[in-house]
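Peer 1: What follows is each chain in one-letter form.
There are 2 protein chains.
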Amino acid sequence: MPLPRNPNAFANSPLDRAAHHRRDPAWIDEALKAPTTELMVFHAHKPFVVEREGALEAGWMGAHAAAAIAPPATPLIFLGLDAHGARFAIEIPDPAPLESVGRFEELRGIGPRLTADDVAILGCAKSLFEWHARHGFCANCGAKSVVAEAGWKRVCGACNSEHFPRVDPVVIMTPVCGDRVLLGRQAKWPKGMHSALAGFMEPGETIEEAVARETFEEAGLRVNAVRLHSTQPWPFPSQLMIGVIADVENDDAKVDEHELEAVRWFTRDEARALIAGKHPDCFSPPPFAIAHQLIKSWALAD
Amino acid sequence: MPLPRNPNAFANSPLDRAAHHRRDPAWIDEALKAPTTELMVFHAHKPFVVEREGALEAGWMGAHAAAAIAPPATPLIFLGLDAHGARFAIEIPDPAPLESVGRFEELRGIGPRLTADDVAILGCAKSLFEWHARHGFCANCGAKSVVAEAGWKRVCGACNSEHFPRVDPVVIMTPVCGDRVLLGRQAKWPKGMHSALAGFMEPGETIEEAVARETFEEAGLRVNAVRLHSTQPWPFPSQLMIGVIADVENDDAKVDEHELEAVRWFTRDEARALIAGKHPDCFSPPPFAIAHQLIKSWALAD
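First to last, the sequence lines map onto chains A and B.
Under the numbering used here, the residues of the first sequence are numbered -14 to 287, in order.
Under the numbering used here, the residues of the second sequence are numbered -14 to 287, in order.
Bear in mind the hints are in silico, worked out from the structure with no lab data behind them.
Backbone N, C-alpha and C define an ideal beta-carbon position, used for all residues, glycine too.
Hints should not be assumed to be uniformly reliable.
[To be verified] Simulated DEER-style distance windows between Cβ atoms: (1) Asp236/B / Ala286/A: 31 to 37 angstroms; (2) Arg98/B / Asp102/A: 50 to 56 angstroms; (3) Pro175/B / Ala172/A: 55 to 61 angstroms; (4) Ala58/B / Arg212/A: 42 to 48 angstroms; (5) Asp164/A / Val140/B: 41 to 47 angstroms; (6) Val131/B / Phe185/A: 19 to 25 angstroms; (7) Cys267/B / Asp254/A: 55 to 61 angstroms; (8) Phe273/B / Asp164/A: 38 to 44 angstroms; (9) Asp164/A / Ala58/B: 51 to 57 angstroms; (10) Thr100/B / Phe221/A: 38 to 44 angstroms; (11) Trp12/A / Arg207/B: 22 to 28 angstroms; (12) Gly70/B / Asp232/A: 30 to 36 angstroms; (13) Gly177/A / Val131/B: 37 to 43 angstroms.
Just chain A, same shape as in the assembly (with noise of 0.2 angstroms):
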């Protein structure tokens, strides 16, 4: 029996990490020559996709056809083994070759049109991508740092500190009273859209307290009970989204301004009606975003 299906896109990858081999650079360098071995090409942080039939499909290729188009020092990840052999990733600084094949796409617009395997491989990929971009020096001595392991570390060669990426834990949450939850929206989205709330964890915080914190400082709601609905990789830029429907003690809700530009209560019929995109004035983010999922799973309950 497997673990049951988490809902969210990112999730559920296909692949094993397979962690040991990361630290073999004899076994990765026979990886890359394997026939086996498929490879996806980033460019600033974009996946390469091709349009195939009207489809657009992650463009993964052979490490030949890859080490024609890469410089020898492109950055390199290893991502995994699935039944067929390993997976890498690579970031080339120059789009050039690729673009009469297909295209560099953000992740986040098209994600919805990939499989949710290649949504899923491509993310975390993206993830460490966009951690090499801004982690190239060391932040204990400011010396420049260099990858190792496969992609999945930085060591510094002056003061020998070793640097692992960054997961950052971000509680989102639906606060609900009695039959009516929660959404909130920012200035700067899209007229009508409303969604959960959300912030970073700090050190010295449980899951349940910084839901309370954050809940108590984005809608003046006081915080009773915190039941985990799912988690879900964010690799924009590497956020773990943590989802929790949060039983809240009070509904005159208070907006905090610097975050939110409003809030606002919606029944369950409303809730099912943002969800299946029947709400009259209003719209919730779509079924890739775990908020998607939160709101759905609150409102379709019994």
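Place chain B on chain A using the hints.
Peer 2: Here is chain B on its own, set in the frame of chain A:
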């Protein structure tokens, strides 16, 4: 009805973080002069403690007393508000002025002797000081960064990058098969100590994926179901421990000798003996550690 009490040390901080004050230097300056303000002094990331009638206490002091011993440029963290006033922490380079009154001690060792409230507050401060100590330079460009927002941010004057304290999510799990729980031990631990399995979450993973990966990597066990028990902020230096009971499919455990020296199955009676400190040849971590709470929760469940 407040939130159910989290069983873990470092959880349940009594402070309101009042994060909006962090961005208000005038308010911070005023608070530092207030007679109700209390301040915790650290040296080398160790908090100041005093013995009073044989009991150890966190050595909170008034801001005036602290100002007398701290150089003007001393790093300062605004921790939040309690019912009486504001709480801050500072780190001083020279412990001498306070050594006649008390001493600086590692929080990990003395935590169990302090009140739960002080453990939560001091843990948060320690995480932040550890982060500042290892992040004095901008990871994006290598320039020196400076503290901002009353200790909660660092800013790079060269490239304008903003840096926020790390919180590293870690899954920590007790694999359960039928009526037995698996615990592991590292070679460097005291003889007989057995604890939960654990590992850092990586980009691109959900909680259940990280639990499944680490449980298989470390012990060769396949996870069927994951139940969240609780979370714990762990300030050595700044983990979010995500405590999970993992139902596993197989009991032919195979230890990963790079990570662990041994794994061992314990019956429920044996687990109860571990928690009570009455097992003939093994013991578990103390109640201070979430591993203890995980084992206890399973061992004492009906």
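Peer 1: Now tell me, hint by hint, if it's right for this structure.
Peer 2: Here's how the hints hold up against the structure:
no. : hint                                    : result
1   : Asp236/B / Ala286/A: 31 to 37 angstroms : holds, 36 angstroms
2   : Arg98/B / Asp102/A: 50 to 56 angstroms  : holds, 51 angstroms
3   : Pro175/B / Ala172/A: 55 to 61 angstroms : holds, 56 angstroms
4   : Ala58/B / Arg212/A: 42 to 48 angstroms  : holds, 46 angstroms
5   : Asp164/A / Val140/B: 41 to 47 angstroms : holds, 45 angstroms
6   : Val131/B / Phe185/A: 19 to 25 angstroms : holds, 21 angstroms
7   : Cys267/B / Asp254/A: 55 to 61 angstroms : holds, 56 angstroms
8   : Phe273/B / Asp164/A: 38 to 44 angstroms : holds, 42 angstroms
9   : Asp164/A / Ala58/B: 51 to 57 angstroms  : holds, 55 angstroms
10  : Thr100/B / Phe221/A: 38 to 44 angstroms : holds, 41 angstroms
11  : Trp12/A / Arg207/B: 22 to 28 angstroms  : holds, 24 angstroms
12  : Gly70/B / Asp232/A: 30 to 36 angstroms  : holds, 31 angstroms
13  : Gly177/A / Val131/B: 37 to 43 angstroms : holds, 41 angstroms
Checked against the numbered hints given earlier, the structure satisfies every one of them.
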